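Asks: Each chain, letter by letter, is given below.
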Amino acid sequence: MDEKTLAHLIFEQRPLPPQAFDQRITRQVNRLVREEQAMKKKISVLALCVILILSLTLFGALAELLGLNLFEVFGQSDKRLMELAPKAVLTEVSPVDLTSSELGTVRAGINSAYYDGQSLLVAYSIQNSRFMEAFTPTEEQLARMQKSQNPGIIMVQDPQTDALILEWNKAYQENRPFGFALHEINPSDHTTAQGGIDLPPSQESIISGEDGLIYRIREYESPLPEAARDQEALDIEIGLFQIASYRYFDGQDVYEAFERKEAAPMQAKVWRADAAFRELKGEGALEGLPLSISAQASAVSIHLTLTSQEGDIPILPHPQDQWYGLYLSDESGREYRAEGAGEISGPQLAVSFEGTGQIPNQLFLKLIVRSEEQDILQALADTAPITLE
Amino acid sequence: MPSEERKAWFAQTVEDKKHTLYRVALLMLKSSADAQDAVSEAVEATFRRLDRLRHDQALPSYLVRSTINASHAVLRRRKRETATDQPEIHLSPHTPETPVWMYLSGIKEKYRLPLMLRFSENMTEAEIAALLHLPRGTVSSHISRGLKILREEMKKEEAGRG
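Those protein sequence lines, which keep their order, are chains A and B.
Quick note: the first sequence uses this note's numbering, first residue 1, plus one each step.
Quick note: the second sequence uses this note's numbering, first residue 390, plus one each step.
Think of the hints as simulated: they come from the structure by calculation, not from any bench.
Computed from a prediction, not measured in an experiment: that's the story for all the values here.
Take these hints with a grain of salt, some might be off.
Think about it this way: if two alpha-carbon atoms lie no more than 25 Å apart in a straight line, the pair counts; the simulated DMTMM-like pairs of lysine to aspartate or glutamate are [as the list claims (entries may be wrong)]:
1) K537/B with D198/A
2) K147/A with D445/B
3) K499/B with E3/A
4) K419/B with D375/A
5) K147/A with E541/B
6) K537/B with E516/B
7) K4/A with E541/B
8) K79/A with E516/B
9) K499/B with E72/A
10) K544/B with D2/A
11) K4/A with E430/B
12) K406/B with D22/A
13) K545/B with D375/A
14) K544/B with E12/A
15) K545/B with D2/A
16) K419/B with D22/A
Next comes chain B alone, as it looks inside the complex (with noise of 0.2 Å):
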């Protein structure tokens, strides 16, 4: 049973954490809705494994990696349920100004996730490549290519808008 102490400690992380983490899910389903059940799922998993997390501060990398991993099971739920249909577009309806994550959306996610997590949610990347698995070369290769691409993407949409 997870001790008082660390229950609080998951209570407040989540709290400070719920947005990052519906982030992190609406950039990998497109969809606000998926994201919320998603981040929903990753705070019922890690509650549950509460008690085998050896380290209170390994927490919030715990709960985004629970997102990644639920949000990679709501894709290949849809993956089975409709094959041939891409997924619904719902970046962020209620906040019309935001078309760089229009753009970053739309970019691969090994590109699209170490972008976000190091200038969206302020992650070093020594943590980036700790919660991706990655080589830290590889997640600094990663934001610099995607940040490339990010600009052609956006350059390519004004000029075919000019």
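Excised from the complex, chain A in its bound form (with noise of 0.2 Å):
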């Protein structure tokens, strides 16, 4: 059998998943977006607990003036950012009220942020920030829109409070004409500090409220720029979108529209937390290699660098095949997770872990050459730990 031929029976032979999984997987969709929209009524009814009680003790003029400690609602489902809660309050921050005709005021600020000198997390709300409307373009309006490739009909999330949404999608459904428009305050991707230096988000976690309301926890690459390192405070900003989005449906086809206006930034001043970082080192070796092995441990990350005393570190001889495997723990057995695969330069191996909240006194480092076939749990059982202190 040639090799055309057998490339042609691949794709003939494609073995199909059975029914059920097909119905498994919408249903899955399905709920998806159904619990988002519980999460949110919950969140909302949790919020309304936490504003009341802030208000009325602690922390009295934050809380009026944003509502709450954003990572201890997002620290309701990640324990290391309920850890990180206490060194994340404010106390120099400047929200901004926007007035916009369709959505009214919105108040949008960054509500709390932690900075160790070489990581940040960023929590910030934005209340009242979208409004929906029906609409019907003029003549010369829908001449300026474009014919549209996305898909015809849209999500439901609530019937109740997307009734333009439902409306929208019996139209289309009936081939009847219909539209409607979306305003909305967007934060920008961006962040900047000290008035210029960009800070390249990693992730960011998003909870949404009825109205519009929106909390939002957004995480940078870490360690951060170098000239955002080891700096007593950043002076953040995150811009502001106001958007436009037109839909209209003709009886035929989709046409869109959009529209983004650059509105006032976020701004907050992050004070460096206390004590945030412990050095660690020790020494051991790889594949015969003596090493000297460093790590930067902060309650968000660790930054290990592993350093070959005697020139650089070995390629490994079949690298399809083979990579090095580093594994970290701590004094309490907490297991750590590595960010990505980590750098060999030269002398040096660095790899990130993802912190756990605390930082640790101790650490453990098995150092293993890997491959498919190992058995990592022998591999693991056969290598001595190299303690970091």
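Dock chain one against chain two, each of which comes alone in its own frame, and use the hints as you go.
Replies: Following this line, the structure appears as structure tokens:
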């Protein structure tokens, strides 16, 4: 059999999943949307309770200004953030009040942030960030809109609040003209510090509430760009955009238009958290090569650097089948998750791990040359840990 | 919160790609039940990160990548739970006409996935390279080498029978 025929057979004989799989995935997608709405309601109730408590007790002015420490809200599902919450309280924030004819008054602000000299996390909220209304374009407006390639049917989250989406879907199925406009205030993807240092984000989590209330927590690549490291404080700024999306179905085609306008940014001064770092050191070997190992451990992340004392870290002879495995744990038995594959540069191998919210006193590192067929449990059992302290 | 349009795009993309995701997981895990679980995990994880996607066009690749990650997680779990046992092989028991896939599932992952993505899912080498974070030349040689290995394995089997 020639290779062309073989390639053709791979296509022809593709296995299909059982029918139940299709149903399962369809149900799951529907559930995800419904669940998100249910979660929104639950969080709203929780947030209301917390706001009431905070307003009456500890955080007086801040609670009145922006609500609550969002690290605690996100900490409900991420223990690390709950641990960081006390160190993330801000005193110098500049919330933004925007007025829009469609949205009314929108309040947006950085609520809390954690900075330890190397890592940064910023939580912020935007109230009243979203509004929908029916929209029928004039001939002139329609001429400026573009035909859409997006799917005509739009998924409905909540039939009660998304009446216009329901109406849109119905009109689309009945080939009846209909349109709506969505007005939103959205944050920029960019965060700057000290008036111009761009801080690249690594991930962002979002909780949506009712009436366009959103809570977000943004994490940044760690370590931060050099110019933003080891500062006493960071003056951070996240831009805001006022966005209007228009969608119109003329009974045959879907047309879209989009407008974006820059609004005033959210700003805050984030003071460096106290005692936020620990330097740990140790010595070990990799395949007989002596190494000195250092770790910069914070509550957010651990940056591990292995330096060979005798020349470069060797490139493995079969890099497609072999790789260096680094297994890190601490004195409490907590295991750390590596962020990415790490980098070898001459005599150094650098790897970052996600923190646990606490700073370890001791770290234990197991270094193994891994391969696909290897029994990793046995390899770990056979490898003595290197202690870093 | 993902926009309505993005959610609709997500639902549509999952619908379009779910069989591809299943086959990716199946080739890695060799068990239909595990493959279904891995795809389910990947769909869940992707939805939770939908807001972080910069471009809608990246969603199909993101789903495949998530499926590969979820499959690796299953493989790691298996190693922890049954360190010495080989995983059960249940490659599509409902389709007895799939001998090529039986052989395909037996070759190394580094050849198996590029071959499958190229010929079963009609992805270009450039797309596969971006997805697997490999240089395009490496993908090309893995596909070429993988085809040779596959053919040799099938020949061996035929010779054994004959």
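Asks: Are the Cα atoms of K419/B and D375/A separated by 25 Å or less?
Replies: The given pair, whose Cα atoms are some 19 Å apart, holds under the 25 Å limit.
Asks: Does the alpha-carbon distance linking K545/B and D2/A stay inside the 25 Å limit?
Replies: Holds, because 15 Å separates the two Cα atoms, which is no more than 25 Å.
Asks: Hey, K537/B versus D198/A, does the alpha-carbon distance stay inside 25 Å?
Replies: violated (49 Å)
Asks: Does K499/B pair with E72/A here, judged by a C-alpha cut-off of 25 Å?
Replies: Distance ~43 Å between K499/B and E72/A Cα, so the pair is violated.
Asks: Does the structure keep K545/B and D375/A at a Cα separation of 25 Å or less?
Replies: Violated: K545/B and D375/A sit about 28 Å apart, past 25 Å.
Asks: Quick one, are K4/A and E430/B close enough, alpha carbons at most 25 Å?
Replies: violated (35 Å)
Asks: Do the alpha carbons of K544/B and D2/A lie within 25 Å of each other, as the hint requires?
Replies: Roughly 11 Å between the alpha carbons, so the hint for K544/B and D2/A holds.
Asks: Does D22/A lie within 25 Å of K419/B when you go C-alpha to C-alpha?
Replies: The hint holds at about 19 Å.
Asks: For a C-alpha distance cap of 25 Å, please report whether K4/A and E541/B respect it.
Replies: Since the Cα atoms of K4/A and E541/B sit roughly 14 Å apart, the hinted pair holds (cutoff 25 Å).
Asks: For K544/B and E12/A, compute the direct alpha-carbon distance and say whether it is at most 25 Å.
Replies: The hint holds at about 19 Å.
Asks: Are K79/A and E516/B close enough, with their CA atoms no more than 25 Å apart?
Replies: violated (37 Å)
Asks: Does E3/A sit within 25 Å of K499/B, going by the straight-line distance between their CA atoms?
Replies: Holds - the C-alpha atoms of E3/A and K499/B are around 18 Å apart, at most 25 Å.
The structure shown violates the earlier hints numbered 1, 5, 8, 9, 11 and 13.
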